[in-house]
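Protein chains: 2
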Amino acid sequence: MCQYLEASAAASRSSCGYHRAEYGALMAMEGYRGFLGLLVSALLVGFLSVIFTLIWVLHYREGLGWDGTALEFNWHPVLVVTGFVFIQGIAIIVYRLPWTWKCSKLLMKSIHAGLNAVAAILAIISLVAVFDFHNARNIPNMYSLHSWVGLTAVILYILQLLLGFFVFLLPWAPLSLRALLMPIHVYSGLLVFGTVIATVLMGVTEKLIFALKNPAYSTFPPEGVFTNTLGLLILVFGALIFWIVTRPQWKRPKEPNSVLLQPNGGAPEGMEGSMAMNFGNMDKSDSELNSEAAARKRNITLDEAGQRSTM
Amino acid sequence: MCQYLEASAAASRSSCGYHRAEYGALMAMEGYRGFLGLLVSALLVGFLSVIFTLIWVLHYREGLGWDGTALEFNWHPVLVVTGFVFIQGIAIIVYRLPWTWKCSKLLMKSIHAGLNAVAAILAIISLVAVFDFHNARNIPNMYSLHSWVGLTAVILYILQLLLGFFVFLLPWAPLSLRALLMPIHVYSGLLVFGTVIATVLMGVTEKLIFALKNPAYSTFPPEGVFTNTLGLLILVFGALIFWIVTRPQWKRPKEPNSVLLQPNGGAPEGMEGSMAMNFGNMDKSDSELNSEAAARKRNITLDEAGQRSTM
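These protein sequence lines are chains A and B, in that order.
For the first sequence, the UniProt record's numbering assigns the number 1 to the initial residue and increments by one for each residue that follows.
For the second sequence, the UniProt record's numbering assigns the number 1 to the initial residue and increments by one for each residue that follows.
Calculated directly from the structure, the hints in this document are not laboratory data.
Check each hint, because a few of them may be wrong.
To be verified - Here are the computed distance ranges between Cβ atoms for each label pair:
no. : chain 1 : residue 1 : chain 2 : residue 2 : range
1   : A       : 124       : B       : 174       : 51 to 61 Å
2   : B       : 210       : A       : 131       : 20 to 30 Å
3   : A       : 125       : B       : 67        : 28 to 38 Å
4   : A       : 236       : B       : 158       : 16 to 26 Å
5   : A       : 114       : B       : 63        : 51 to 61 Å
6   : B       : 37        : A       : 219       : 48 to 58 Å
7   : B       : 142       : A       : 166       : 45 to 55 Å
8   : A       : 229       : B       : 162       : 23 to 33 Å
9   : B       : 128       : A       : 177       : 47 to 57 Å
10  : A       : 58        : B       : 65        : 43 to 53 Å
11  : A       : 124       : B       : 215       : 24 to 34 Å
12  : B       : 43        : A       : 236       : 31 to 41 Å
Here the structure is a predicted model, which is why all the values come from computation and not from measurement.
The beta-carbon is built from N, C-alpha and C at its ideal position, and this holds for glycine as well.
Let the hints inform the model, and build the full structure from the sequences given.
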């Protein structure tokens with residue numbers, strides 16, 4: 001979808017294509033190597049977390065199945081780490097990939113929403129797995145802090161997804177509403193992501209205390225050490241995602257010679273190109289301001305919206 | 001220290017005093033009421049977390065003491081929630097209090113560092129309590145994910161405190177080093193704070209599973225429900241602190257008529273007044289830039305430094 005096209009005629013550009021010169025400009029992104037290094041690290045650590053979770057349930061635990069036994073429970077950590085941690089983490093930073101900066105905003109929003117929708121579905125299936133397991137074994141549901149915080153996170157995540165879909169992806173929400181909700185959308189997205197990681201660490205703690213009896217967790221059995229390491233990996237993954245998503249220099253840069261790449265697809269998407277010339281990656285469709293007076297306020301809000309316009 | 005002085009002569013101002021007009025300007029801070037509401041909420045929820053922790057250990061658990069028994073262990077949650085959560089949270093937002101914006105930066109740094117130092121001391125004593133308890137009862141140390149993440153957080157917090165002290169509080173670090181380290185300082189401060197909250201949630205989980213046997217945690221005993229609620233309060237406290245500290249409109253505003261309030265106390269502190277006129281709460285002593293060329297880069301870096309200059 002995002003090939004590096006070398007066609008010279010502007011007319012032949014796709015909404016996601018590049019001139020060689022533009023590709024060269026990307027390479028000059030401030031701290032591009034640092035970004036790539038951290039991105040690769042995040043992908044590696046996230047991928048490793050998924051692998052560690054699979055090794056945990058397949059090697060140290062009972063394996064996977066869907067029969068109401070521990071085999072079904074084991075889908076819970078696998079789906080949570082794969083969807084709710086790894087895929088959500090990637091969804092959070094997808095706007096920061098410099099080779100997507102010339103893609104249409106609608107495409108990027110669809111990818112962001114799509115990844116989050118996949119993560120939400122996996123999170124919901126992971127809940128079904130653990131409720132099924134509890135019910136089959138007559139274990140009460142929803143008594144632990146892990147379950148309270150985890151269910152809250154899933155509900156907030158689904159609300160966030162619906163809000164994002166109706167307000168930012170569909171074209172009908174007024175600009176003022178988008179401007180109002182964007183900081184909340186970004187904040188609550190990162191808050192839920194952090195809460196999910198905290199919940200995973202609680203879940204690992206719970207499961208190891210319940211499962212490791214002989215030898216006990218406190219005697220440093222290999223499974224305990226291995227799964228503690230999984231917990232650290234997930235924490236490091238979260239830390240990398242938070243660093244990547246909060247660096248202002250890794251936003252789409254202002255481009256003095258930028259042109260309106262997207263043929264106008266109708267308001268408000270069509271406004272993006274011209275806004276990008278003025279305000280970096282400021283997206284008018286998401287960040288149009290109310291008519292406050294003070295210049296300082298306007299500047300700050302524009303900076304903020306620009307910095308945060310990862311939706 | 002920060003009284004609202006009404007003296008009219010500029011010469012009579014303390015480094016932390018206000019003219020009536022300046023006090024009026026603070027009231028016009030963008031979203032001042034919202035800020036106050038969230039600040040009071042954060043203080044309330046944080047205070048409630050400490051009270052809940054005390055009720056937990058004094059009413060539901062064995063109480064407090066320093067004798068190697070559970071009484072000594074109980075200092076662990078009390079000191080962690082009081083110092084490592086509540087006081088650290090306040091230390092994080094102390095630069096955002098608008099009535100401190102005219103105080104000297106050195107004073108605010110000292111308060112920030114002082115609060116963090118108190119939190120670090122309480123965190124260290126809380127570790128001594130739990131190690132003492134384990135050793136007296138022959139319970140192994142450092143086997144759980146809670147202990148791995150928690151000790152990492154304490155070590156990072158102490159390193160962060162030392163880095164802050166030597167680089168930002170003492171006057172000798174070169175400006176370029178401060179500019180380089182400030183974003184890392186802010187990021188790692190918030191990362192450690194979030195990690196501490198995750199660790200507390202793991203600790204609550206661990207303790208409730210270990211302690212609630214008859215009736216078991218899974219039967220919804222009052223202590224389980226009460227302490228789960230404590231966990232939620234701590235999470236909400238963290239969420240409020242994160243919201244407050246990431247709102248750009250609650251930074252010290254640019255003041256067109258601002259004057260150099262602090263009599264020059266020697267470089268680099270004395271530079272602040274004039275920098276404030278140009279870059280809002282940009283603090284030259286912390287954020288002086290290297291001599292990069294690109295205007296965009298400069299703007300972004302200044303914005304970032306201004307936005308982040310909570311040290």
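Query raised in the report: Hints broken by the structure, by number, lowest first?
Result: 3
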